[in-house]
Structures are given as C-alpha cells and as structure tokens.
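J.: If you want the building blocks of each chain, they are given just below.
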Amino acid sequence: MAKIQRPLDKDAVAAADEQIYAAHENDPRPNPLFDAQGNHLKLSSTDPKQADLREEWCDLYQAALDEKNADTSSDDDDSDDDSPPESDDDDDDDAAQPPSGNDPVGSTVVPCTTPQWIRIRLVRLPDAQARPKWWKPDGKGDPYPSEACTIELTNGTETGALDGDGSSEHANIPAGVCAIHFTRFYKVIEKNLGPADTWPAVAPRTAAAAGSVVAPSQDKIRLAEVAEVVAASDGSDNNESVATRKQYINVPAGKGHPEFGRSIRLRARVEWASGASNSLSGQNIYWYFTPDAGNRSGLPTSLQAGFNTAGKAQLPSTTGADGWTSIVQFIPSQYGGDNFKVFATDDAGYKGGLAAGEYTVWRRVSYELDCMKRPDAGTYSDRADIAGMTDKLNAAFVDAVATGSDNEPGHVRMLGENDVEAWATKIRNGSGAPRYYHLVLIDTIAWDPAPLTQTFSCGNGNDTISLSAATYLLQASAWFGSATYQQGTQNGSIPAANLTLTETGDPSSGNDAFAIAVSWAGLPVDSTKAIQVKLTFTNWTEGSGLQVRTGPATIIGIRWRERTHRASPDMIQKSTLNTMLHEPGHAMGLAPATLPDGTANANQYNKAGSHCSALSNHCIMYEANSGAVDFCPDCADGLRGRNLQSLPISGNAGY
Amino acid sequence: MSANPTPTLANPVYGPQDLSPALPDDGYALILAVYPAVNEGRSSAAVYMSARVAGKYADIYGGRLAGAIQIVAVDVERGVVYSRNGERGKPVPLPLAMNPNPQPPPKGVAPVESAEVYFAVDLVSHLGLPPQGAAYSVFLWLDEMVSQPRIVELPGERANLTATLPWPTMLERNVGAGPPDGSPELKLEGSRMLGSTSGIFALLGLDFRSREVKSVSTSSVAAVERFSFDPRSVFRGPGWLDAKEPPRRAFLTLCAGRQRSAVVTFEVA
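Protein chains in written order, with the numbering used here: chain C, 1 to 655; chain B, 1001 to 1269.
None of these hints come from the bench; they were simulated from the model.
We put the CB at the ideal spot given by N, CA and C, even for glycine.
Keep in mind that the hints are not guaranteed to be accurate.
With a Cα cut of at most 25 Å, we get these calculated SDA-like pairs of lysine to any residue [as the list claims (entries may be wrong)]:
| id | chain 1 | residue 1 | chain 2 | residue 2 |
| --- | --- | --- | --- | --- |
| 1 | C | K246 | C | K187 |
| 2 | B | K1056 | C | G488 |
| 3 | C | K534 | B | S1217 |
| 4 | B | K1244 | C | D630 |
| 5 | C | K529 | B | D1059 |
| 6 | C | K534 | B | S1043 |
| 7 | B | K1056 | C | L499 |
| 8 | C | K607 | B | E1040 |
| 9 | B | K1187 | B | R1173 |
| 10 | C | K255 | C | N308 |
| 11 | C | K607 | B | E1212 |
| 12 | C | K607 | B | S1043 |
| 13 | B | K1244 | C | S508 |
| 14 | B | K1107 | C | L499 |
| 15 | C | K187 | C | D219 |
| 16 | B | K1056 | C | T453 |
| 17 | B | K1107 | C | K255 |
| 18 | B | K1056 | C | I120 |
| 19 | B | K1244 | C | T150 |
| 20 | C | K341 | C | D597 |
| 21 | B | K1107 | C | D165 |
| 22 | C | K607 | B | R1173 |
| 23 | C | K534 | B | V1038 |
| 24 | C | K607 | B | S1217 |
| 25 | B | K1107 | C | A497 |
| 26 | C | K607 | B | R1150 |
| 27 | C | K220 | C | S317 |
| 28 | B | K1056 | C | N460 |
| 29 | C | K255 | C | G404 |
On the chain C side, residues computed to face chain B include the following (Cβ under 8 Å) [stated by the list, open to error]:
| id | residue |
| --- | --- |
| 30 | D448 |
| 31 | F456 |
| 32 | L546 |
| 33 | V548 |
Full structure from sequences and hints, please.
T.: Pasting the structure below:
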C-alpha cells in the first residue's frame, strides 16, 4: 500500500473516490462502498475487512496525485482534514483527534472518535432445568473469576482472562459490535456434549421462566400474594385466602376459626419479577388499612385498629428467604360496625398493593330462652319477640345466637327474687358463657314481701275484700298476717280460718283480683251492720323484670303485661321486648357512664342501676318499662364500643 | 336528724321497724324520722317513713303505696332536687298499674277506709346523692300529702358553689304579693300560679299520672321574690300534665332553705 502524505490533496481525493466507486459499481450490494440502494458509503478506517479497499483507494489517490503533479506544479495549501482513514498501525497521532465537525460532503472515510467502552461480567444464574451429572453444582449468582476468553473489540482482538470479579472492561474503543468467546467454557461443554452441531435444540429462556437469565441486579421484586394464617385443628398454621367477613372480636380465637378474636394473622409473599428463585430475604412489605368513612372517630388508642398493637396504623415487615413476611396481626378496632380494608404493598409510601381482607367488627353473644307454661295451656313463648331482639342487637353489631333448649318449665304463679336465681339455674342448658344470657319468661316475678295494713268497712253485705291484682300481689300459701274487727264497742281478732283467699278474674279482662271472703261465723257481730276490719297481710311488689347475676338471667314477668296492655296486644310484645333488651343491656354495660371516646354520657344517671333519660325517657335503658324498643344514640354508641368478652359489664365500667 | 342510732340499710326495708316513727292513734299522717347512718363507709342518713293514708290512696295505688310516696331531698344551698319513690328495683311501672279513676266498689265489696305503710331507706344510696357534703331539706310527698321537712346534714367537703343561678324564663317576676318575711308560699289564681319566696329556692311539681317529680331551681334577685307562672308549661319534657286521658293533675310546692310551702293541686281538662 502506498504511503500517502498529509495534508491530502483534494483533487486527488476526489479522483480516487470517483475511481474506486466506479471500480466497484457492479459488486454485489450491500458492500463496504454501497448500501443496498446504491448509495455511497464511506470506507471504514479501522475495519480489517476493508483493508484491501483502503489499500486500493490509497493507490488510486497516489496515482491521481502523481498525475496532477505531473500536469501542474500546484502546491498542497488547500488540503484540509478530509483525510482518508488510516490503518491502526498508522503512527500518526492525528488519528486520535476528534473530527473538526466540518466534514466535507461526499468523503468516503473520516477519522472516528473512540469514546465507547464495554464491560463484560460473567455470573452464574439459576439452573433452568436439572443439571447433567457431570455439571457440578456451584454457587448462585457469584461470578466466574479468571475465566479464559477472547474478546473481539471494534479496534482489535484481545485474548486473556476475566479478572477476579469475572469482569473485563475495555475503554476508548470505536463504536461497533463486540463479541466475547469463553474458549475454555466452550471446550468443557463440547467435551461433554459433543460438537455444537450435535446439541439438542434448547428453547430460549424467557424472563418469566424460572431461572431467568436476567441478572438479579436488574430484576425486580413484586408482591405475589397475601394470605391469612389460620391455625388448623392440629395447631399448625395454614395459609388461606384473605376474606371479607364479620370479625367477632369478643370471642376467643380458636383453631379453625379465624373469624374469632380481635386479631387477624396475615402474611405476604414476594417473588422476583423475572421468576428467579434467588433468595428473597430482606425485602420490605408495608401494611396499612383504610377505614370506612363511617367508622367511629375519637376512639382512644386501645380501642383503635392497628397492626400488632392497637393504634399502629402502618407497619413495615420483612421477608425471609422464601419470600414470606413474618406474620402480621391486624387488630380491628373495638367498635361494632367499624369496617377496615387491609392492604400489603411494596410501596414504602403505603399505597396500592394487594388486598389483605375486609373486616367488619362484630361481637357475638349467646342467649337461651325458656318460657314457663301458662296456667291453662301453652307457654309464654308467644310473647318473646326473638326476631325483634336480634334485630336491635344486630343494629349495634351484636350477633345474638340461640343456645340451649326451651325447657318449658311448669307454671308457678309467682317467683320471689330470692328463689328465682336457683330456679332459673335448674332449667338452664345452654352454652356460651361468659358471653351468654338467659331469658326466662314467667308468670310473675316479685320481691319485698312486707306487711300491709288496711282498714275496710265490712258488714252489711260487703263481706268481700277485693284487692286488684294490678297493684296487690299475695301468695296464696302465706298471705295472712292478722285481722281484727270492731263494731261499736265490740272488737277482737278474726281467726285466719274466717278469711278465705281466692284469685278471681282474668288478666286478659283486667279484672283479676285477690278476693278475701270474710266469715263472721263465731264472731259476736251483727253482720247486717257495718263492721270495721283491720287486716294485715303480706303484700309483694310485682316486678316488671329482674336481672340476676347467675347466668346472667333476665326474668320477665308476663302476667302484668297481658293485663296492662290487654287493649293493644302489640304493646305486650313491645313491653316484653323492652325488658328482653333492657336487662341484657345492663349485662352488656348499658347505660354507659362514658362513651367510647371517653366523653361523659350526659343522659346517663344512676338510679336503681345505670339508666338513660335520652329520647325523652324513651330509650330502652330508661329506668321504667315501656313500649320503647330502641336504644338511644348514646346507648347504641356505648353498646358498639363494649368488648362483650365477659358478661355482665357494669354501666360505669370503662371500655 | 335524730342522734345515736346508726342503722345500716344496704337495701330498703318494708313494714314497720323498731325505728319507724309511731303513727297517731287516729287520723292520717305522713311521718319521717332520720337517723345518722353509715353506708359502705360513707356518711349517710337512714330515713324511716310511716304513713296512714285515706282509703282513696289505697283505691288509686293499692298495694303500691311505697311506690307512690316520694322521698325528696332539696340541697338547701343550691336548690338542687333529688327524689325517688320508696320502692326499689324495677317494679311494674306504677303509672301502668295504678287506678287513676277509682270508682265506688260494687255491692258486696268492702270499701277501704285507710291504709298503713312503712319503709326505710338509706338516703344517699337510694336517692343517689353526690359524695360531697351538703345540707338537705328532706320530706315525703304523696300527692296532696306532704310531711314536715327534716334537715339532714351530710358531712364532707362542700362543693364549690356555682355562679348565681339564672332566673327561669317561665317565671314572671314582680307580680302578686306574698308574706313579707319571704317564707315560701304558693297559691293558684285562675290559671296562673303565684309564688313568693326568698333566697335560693326550688319549685317542685309531682305529676299524678306519670309519678314524675319535676323541679326548677334558682335564686331570688330581690329580697323577697314574687313571681307567677303557668303551671301547665312550667316544666318541660314528657310526664307533665300530658296523660292521654284525664285526670291530668299535678301537685306543686315551693322549697326555700329549710322551709316549704303548702302543696297546691292543679288540674287541667
């Protein structure tokens, strides 16, 4: 090849270009001088494959220059930087200088800057499939140090080995395509598999396939699933799908019953986005929940929802090597009806992610119903509005579940306060304590038997003392105290045998009464004239209902309701329902002295227990029975805030 | 308050007791006796009540006389009123059980001439009095009948007196006339009730049908305050002259310090 001198002669360059393009105009295209469409290409200054062309061009240039010089004595002062490419073995330092930016159009070659670099690192990836026996297991993801290789760079070929980190880096090379050949590596494979053309076809790996060829440093973590951890009957933990459900926070957690307890155990799993199976240890997953807009505000911390502890609204967790986080406990609030949507996310900003269930706070209690036989036929069960009771409790997110059987105890006209607790215990066969209450519908509940003295004007045909059952209550077996008579100057005692007690009338007619017939037999009086009789008898106070601690049981008298409300049977039901809610309401901590947010309940007062004057004395928890069958907003608020883990709860108790 | 005895009444007791005040041989009476007492470690007072009432009360209230009689305690320094009837627990509501329109008994049935009733209660626990020390004017009230008031001093630190009580808008001031000494007096003139008193006072009303005791407390502005009001609307809320059917009757009295006016009966159609 001719050694050309700089600066190049423009005319000689143009002549050389014209001749070389013309000489190769019919060569198959594309080629180094023509693209497929026939456009001229510049010769590469470095491509070894174009060395012959560069040599040809140089000869043409020198010939053109010689010819010019022969024809003229022109000088070289108009030469410029439009130099042809120079081979790598050219000693001219100008080749490393950047181009001026004023390249003339049409030049076939220009000097190329070398700002490019390339770095190769060889690492192990997870196996796509089981290895042959000869392929020994090795590390995961670690590099191949000192691996022999040959690297074809854009400016030459280098043979050597990777460094201790399995890397090889090359800077200041021209842009272009490089190739690397791990010669020893290929030889090992060929030695075991035979020549490459005999290898079985291997499907290319995809990013989603296990053992992705994507390097971990380029891979990403994604949140794969969230599970609820449920204790099985054998005590082991199982992952189950997260749920949307009622969470009965007052019932102790039980195996196989994730819906019980104020704790929901959750965990999440991450995986490599590529599907790789490398260790997933140390990945962060963030837990949060979104409360419904209607949730109770202002709850103290201990009643709030949280993760692992009440009040902690967000919680980060970390994955183990298998990608699962440790178990996170979501603690719902202690407020019936509160609703929470729980999420796990890989966003440190606690946004998005996967749903981890939706939970509504409920409490569950058990009730048993026993209805006494009526004196004639049937039982008092027709007065028990169970649906009404459960509806009202449901409204406060208390689930009342029936337990036991109605033993239909035999009729007893009146049960005294001191006897009824033991009596009720004998007929009880339900379960669910201490979240249990016993409803017992009976004829009459009474207390405070006390002597009552009244003076009557008898004689003259008025020999019956009639005591309305609406306000008097006498026990047939033990009612008589004493009796005296006075007629003029005659006076004395009347023997008990002269007084006969019978119960007359019918509550459904409102005329039932205790009738005491007075016999004057054996007494020195003129019964046709007025006789003053002073009678002392034991009178009981009839109760509307009574809550006894054992059970706890609510004893509900029905006779007085059927008498009082005989004109409006609907009121019998409502009056009974009032007590069916009022007395268990006491056991559930009503009327509350304070509300769940800690503020004082302005409507609560202590009078014969904790009662409520709201709704103009028409809250269920007002002190006196009525047809009211609604809890006032404050009592409903209090009931929703009670944990109901163990009955009874005092109305003055905190939450 | 009587001295010496210190009975403990964990719960009310019914029937004559050793400490029950004796009734006169004849006639009607509503009498209370008060004894210092201790209840659950706290100073209290045991109130013993004895009553002999006319047959009409037995016709109305039957065996529930203890439930008809109100025990009233008025804080003489604040005018705050506490009351509760003599029964305990949750008896059948008396308004639902009583016979507000008693009729003469049918032939063959003996009419009631009178009835006697006794009970005793612990004042503090039964009425739910506040824990602070205070002086109370305590009396019994059965419709038209009312006992003599007894002053009950409960020891203990006195609560700070609040600001001057506002004058109730339903009481129209500077009308009518009354005793020059300012002792409480109440009388009915036409459809309006006239009151006269001094100092801190409480106007109390007992509704015959609902059996509720209503009250309004305030303090006189003038040395002797004279005022009038419409008894139909002097108390707000349910249970005041609002029975669905007649009789709609109420009883009113005025308490000031250790004094109490006579009871005035008011009835609307």
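J.: State for each hint whether it applies.
T.: Okay, the hints, checked on the actual structure:
{"no.": "1", "hint": "K246/C <-> K187/C", "result": "violated, 66 Å"}
{"no.": "2", "hint": "K1056/B <-> G488/C", "result": "holds, 24 Å"}
{"no.": "3", "hint": "K534/C <-> S1217/B", "result": "violated, 43 Å"}
{"no.": "4", "hint": "K1244/B <-> D630/C", "result": "holds, 22 Å"}
{"no.": "5", "hint": "K529/C <-> D1059/B", "result": "holds, 23 Å"}
{"no.": "6", "hint": "K534/C <-> S1043/B", "result": "violated, 39 Å"}
{"no.": "7", "hint": "K1056/B <-> L499/C", "result": "holds, 24 Å"}
{"no.": "8", "hint": "K607/C <-> E1040/B", "result": "holds, 17 Å"}
{"no.": "9", "hint": "K1187/B <-> R1173/B", "result": "holds, 15 Å"}
{"no.": "10", "hint": "K255/C <-> N308/C", "result": "holds, 19 Å"}
{"no.": "11", "hint": "K607/C <-> E1212/B", "result": "holds, 14 Å"}
{"no.": "12", "hint": "K607/C <-> S1043/B", "result": "holds, 19 Å"}
{"no.": "13", "hint": "K1244/B <-> S508/C", "result": "holds, 22 Å"}
{"no.": "14", "hint": "K1107/B <-> L499/C", "result": "holds, 19 Å"}
{"no.": "15", "hint": "K187/C <-> D219/C", "result": "violated, 30 Å"}
{"no.": "16", "hint": "K1056/B <-> T453/C", "result": "holds, 15 Å"}
{"no.": "17", "hint": "K1107/B <-> K255/C", "result": "violated, 73 Å"}
{"no.": "18", "hint": "K1056/B <-> I120/C", "result": "violated, 114 Å"}
{"no.": "19", "hint": "K1244/B <-> T150/C", "result": "violated, 110 Å"}
{"no.": "20", "hint": "K341/C <-> D597/C", "result": "holds, 22 Å"}
{"no.": "21", "hint": "K1107/B <-> D165/C", "result": "violated, 122 Å"}
{"no.": "22", "hint": "K607/C <-> R1173/B", "result": "violated, 35 Å"}
{"no.": "23", "hint": "K534/C <-> V1038/B", "result": "violated, 36 Å"}
{"no.": "24", "hint": "K607/C <-> S1217/B", "result": "holds, 21 Å"}
{"no.": "25", "hint": "K1107/B <-> A497/C", "result": "holds, 24 Å"}
{"no.": "26", "hint": "K607/C <-> R1150/B", "result": "holds, 23 Å"}
{"no.": "27", "hint": "K220/C <-> S317/C", "result": "holds, 18 Å"}
{"no.": "28", "hint": "K1056/B <-> N460/C", "result": "holds, 21 Å"}
{"no.": "29", "hint": "K255/C <-> G404/C", "result": "holds, 23 Å"}
{"no.": "30", "hint": "D448", "result": "holds, 5 Å"}
{"no.": "31", "hint": "F456", "result": "holds, 4 Å"}
{"no.": "32", "hint": "L546", "result": "holds, 7 Å"}
{"no.": "33", "hint": "V548", "result": "violated, 11 Å"}
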